[in-house]
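Student: Quick note, the sequences are listed as chains A and B, same order.
Each step along the first sequence adds one to the number in the numbering used here, with nothing skipped, and position 226 is 229.
Each step along the second sequence adds one to the number in the numbering used here, with nothing skipped, and position 161 is 162.
FYI, nobody ran anything at the bench for these hints, they're computed from the structure.
Just so you know, not all the hints are guaranteed correct.
Said to hold, decoys possible - Derived list of chain A stretches under chain B, where covered just means 3 residues or more per stretch with a C-beta under 8 Å from a C-beta of chain B:
#1 7-15
#2 96-109
#3 197-210
#4 324-334
#5 338-344
Ideal Cβ positions, reconstructed from N, Cα and C, are used throughout, including at glycine.
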Amino acid sequence: MRGTVTTLKYLLAAAALAYPLMPFRDVYVLHVLVLIMVYMVLAMGLNILPGFCGLLDLGFVGFYGIGAYTAGLLTIHYNMSFWLIVPLAVLNGALFGVLLGSPTLRLVGDYFAIVTFGFSELVVLFLTNEIWLTRGPLGVPGIAPVSIDVTWLASLLGISERWRYAFRGEAPYYYLGMAMVLLVYVVMRRLEDSRLGRAWLAIREDPMAAASSGIDLFAYKVIAFAVSTGIGALAGAFFARWTLFISPDMFKFWESFLVLCMVVLGGLGNINGALVGAIILIALGEVLRVALPKLGLPAETRFLAYGLIMVLIMRFRPGGIFTQVAESTMQSGLIKELRAKLAARRTA
Amino acid sequence: MDAILAVDGVSKRFGGLMALSDVSFTVERGTILGLIGPNGAGKTTMFNCVAGIYKPTDGRILFSGKERGQDVAGSKPERMTALGVARTFQNIRLFSSLTVLDNVRIGRHCRTSSNFFGAVLRTRSQRAEERRIIDAAMECLDFVGLGDLALSAASSLSYGDQRRLEIARALATEPRLLLLDEPAAGMNPKETEALVDLIHAILERDVTVVLIEHDMKLVMRICARLVVLDHGVKIADGSPREVRANPDVIEAYLGKGAAHA
Numbered sequence: 004m005r006g007t008v009t010t011l012k013y014l015l016a017a018a019a020l021a022y023p024l025m026p027f028r029d030v031y032v033l034h035v036l037v038l039i040m041v042y043m044v045l046a047m048g049l050n051i052l053p054g055f056c057g058l059l060d061l062g063f064v065g066f067y068g069i070g071a072y073t074a075g076l077l078t079i080h081y082n083m084s085f086w087l088i089v090p091l092a093v094l095n096g097a098l099f100g101v102l103l104g105s106p107t108l109r110l111v112g113d114y115f116a117i118v119t120f121g122f123s124e125l126v127v128l129f130l131t132n133e134i135w136l137t138r139g140p141l142g143v144p145g146i147a148p149v150s151i152d153v154t155w156l157a158s159l160l161g162i163s164e165r166w167r168y169a170f171r172g173e174a175p176y177y178y179l180g181m182a183m184v185l186l187v188y189v190v191m192r193r194l195e196d197s198r199l200g201r202a203w204l205a206i207r208e209d210p211m212a213a214a215s216s217g218i219d220l221f222a223y224k225v226i227a228f229a230v231s232t233g234i235g236a237l238a239g240a241f242f243a244r245w246t247l248f249i250s251p252d253m254f255k256f257w258e259s260f261l262v263l264c265m266v267v268l269g270g271l272g273n274i275n276g277a278l279v280g281a282i283i284l285i286a287l288g289e290v291l292r293v294a295l296p297k298l299g300l301p302a303e304t305r306f307l308a309y310g311l312i313m314v315l316i317m318r319f320r321p322g323g324i325f326t327q328v329a330e331s332t333m334q335s336g337l338i339k340e341l342r343a344k345l346a347a348r349r350t351a
Numbered sequence: 002m003d004a005i006l007a008v009d010g011v012s013k014r015f016g017g018l019m020a021l022s023d024v025s026f027t028v029e030r031g032t033i034l035g036l037i038g039p040n041g042a043g044k045t046t047m048f049n050c051v052a053g054i055y056k057p058t059d060g061r062i063l064f065s066g067k068e069r070g071q072d073v074a075g076s077k078p079e080r081m082t083a084l085g086v087a088r089t090f091q092n093i094r095l096f097s098s099l100t101v102l103d104n105v106r107i108g109r110h111c112r113t114s115s116n117f118f119g120a121v122l123r124t125r126s127q128r129a130e131e132r133r134i135i136d137a138a139m140e141c142l143d144f145v146g147l148g149d150l151a152l153s154a155a156s157s158l159s160y161g162d163q164r165r166l167e168i169a170r171a172l173a174t175e176p177r178l179l180l181l182d183e184p185a186a187g188m189n190p191k192e193t194e195a196l197v198d199l200i201h202a203i204l205e206r207d208v209t210v211v212l213i214e215h216d217m218k219l220v221m222r223i224c225a226r227l228v229v230l231d232h233g234v235k236i237a238d239g240s241p242r243e244v245r246a247n248p249d250v251i252e253a254y255l256g257k258g259a260a261h262a
């Protein structure tokens with residue numbers, strides 16, 4: 004059974020890797036798959052707050068927007084390389100996370116949620132009105148695609164050619180997105196199974212007991228906020244260099260709500276759940292985008308479907324699809340070692 | 002006398018309610034002190050003041066951990082834990098969707114130091130620290146007798162075992178002073194008996210114990226000294242024998258007939 008599952012996983016991964024090279028590939032499907040990857044990263048980033056720390060964040064999309072505009076503006080004004088922009092956008096997202104988090108993370112529960120909601124609205128208002136910087140509602144068009152420039156390597160080798168590859172079409176973004184998802188996934192798994200991740204989970208489970216176990220609640224919440232917003236900004240930077248056009252209405256409250264739905268649907272605090280939630284809701288969104296107009300309904304009606312899903316999941320599976328928290332902890336080598344030791348002790 | 006903790010004129014006011022007024026007592030190192038009194042007498046409030054959950058309205062709390070006689074009143078809970086004060090809760094507060102081991106590993110937090118970068122990069126020192134955390138946590142779990150259940154869910158434990166797990170988590174912080182808030186509540190006689198053995202074993206680890214408990218037989222048996230609170234005021238302080246004979250205590254708490262029990 005276990006072997007079959009592993010084989011299935013490898014087959015799925017191989018299929019995912021091979022798809023853009025297949026003759027039957029479809030640009031639209033590739034586009035949706037890349038979109039799913041963007042939302043996977045967003046969902047994994049958001050999961051840190053409500054999932055690991057028990058903090059309801061309704062303004063996550065604000066940081067996604069900050070990342071996207073950081074990347075977009077740096078590209079059109081300074082023509083900066085994507086590889087330089089990514090760390091800058093992540094740091095900028097984290098910086099805003101700390102700036103928002105430091106004064107507000109002492110608030111608990113609903114109050115904190117309201118502040119984050121207000122912040123994301125503020126981001127949209129800023130992007131819309133500060134025309135000198137963001138061009139306002141017109142958006143930022145003409146962002147250059149991602150490129151890989153290794154001319155320096157050529158000149159190092161004494162070849163006077165331009166070794167530059169600019170991303171065109173969906174396939175290169177597909178692989179870049181995959182790498183991004185994998186990177187964030189590994190980081191999340193490692194954080195979850197660490198002193199930092201355990202401190203976060205302790206805060207979620209019982210803040211008073213966590214403080215009495217020696218955890219500085221405020222500091223760890225700020226760290227959580229910075230990591231989460233940094234990942235949101237990473238997704239934003241990728242998004243800007245992929246769609247090549249950004250405008251304020253891409254970062255409206257509904258996006259925050261959608262990402263939150265993904266996390267809740269997948270299971271709060273479960274990293275795999277965030278991935279599955281992203282797949283389900285984005286795929287469903289695309290299906291409804293086609294299906295609803297055929298039924299004579301406007302495309303926005305799809306939010307009703309999201310709402311219905313949330314009601315059903317709360318009724319029948321309140322913990323989400325995957326309810327296990329701290330999953331990676333149980334799979335770490337040290338725990339496997341301990342399990343074997345305990346089993347040996349029991350038989351002895 | 003070597004006092005590990007000296008509570009000096011501590012008051013705590015919640016709005017118009019004086020939960021504690023001008024309470025003073027000392028706890029001698031290496032002994033068990035019992036804090037008793039009727040419900041609402043301010044016992045848990047006193048614990049919360051010592052553990053840093055509440056800031057006393059007035060008074061000093063002198064703790065002699067590494068430094069002697071440091072005033073720690075109003076310190077944050079995580080600082081008190083770092084200084085060497087650990088506590089358990091009256092209504093059990095476990096990290097219930099985590100494993101038994103994780104609960105105790107979280108207790109190691111203040112004695113370890115790896116950060117975000119250590120976790121992401123899995124540095125050699127981070128991995129070595131994780132191994133030490135597991136070893137120390139297992140030592141605490143074996144000490145309270147829960148070692149074999151290390152990988153079970155904390156919420157699956159029996160009530161008595163949950164209380165023991167709280168003690169294990171508190172011990173994982175390497176305390177000098179352990180505050181136990183009604184550790185025997187809800188335990189059957191057999192579990193209580195095991196708890197007595199456990200508390201004596203804790204004392205042998207060079208940890209001083211302060212105990213809130215309603216089980217008078219238990220308190221009279223294991224405590225070297227008792228402090229009695231009533232309506233936030235200390236009404237008696239002395240050996241169990243003295244306290245049992247104190248008319249104020251009989252009036253407020255023990256009830257007539259206790260003197261002959």
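Student: Look at each hint and say if it fits the structure.
Tutor: Structure-based check of each hint:
1. A count of 0 residues in the segment 7-15 of chain A with a Cβ less than 8 Å from any Cβ of chain B is obtained; the coverage claim is therefore unmet, three being the minimum.
2. As drawn, the segment 96-109 of chain A meets chain B at 0 residues by the rule of a beta-carbon pair under 8 Å; below three, the given contact is violated.
3. Taking a C-beta to C-beta cut-off of 8 Å, the segment 197-210 of chain A contributes 10 residues in contact with chain B, enough for the three needed, and the coverage statement holds.
4. Taking a C-beta to C-beta cut-off of 8 Å, the segment 324-334 of chain A contributes 4 residues in contact with chain B, enough for the three needed, and the coverage statement holds.
5. Under the rule that three or more residues need a Cβ within less than 8 Å of chain B, the assignment of the segment 338-344 of chain A holds, with 3 such residues.
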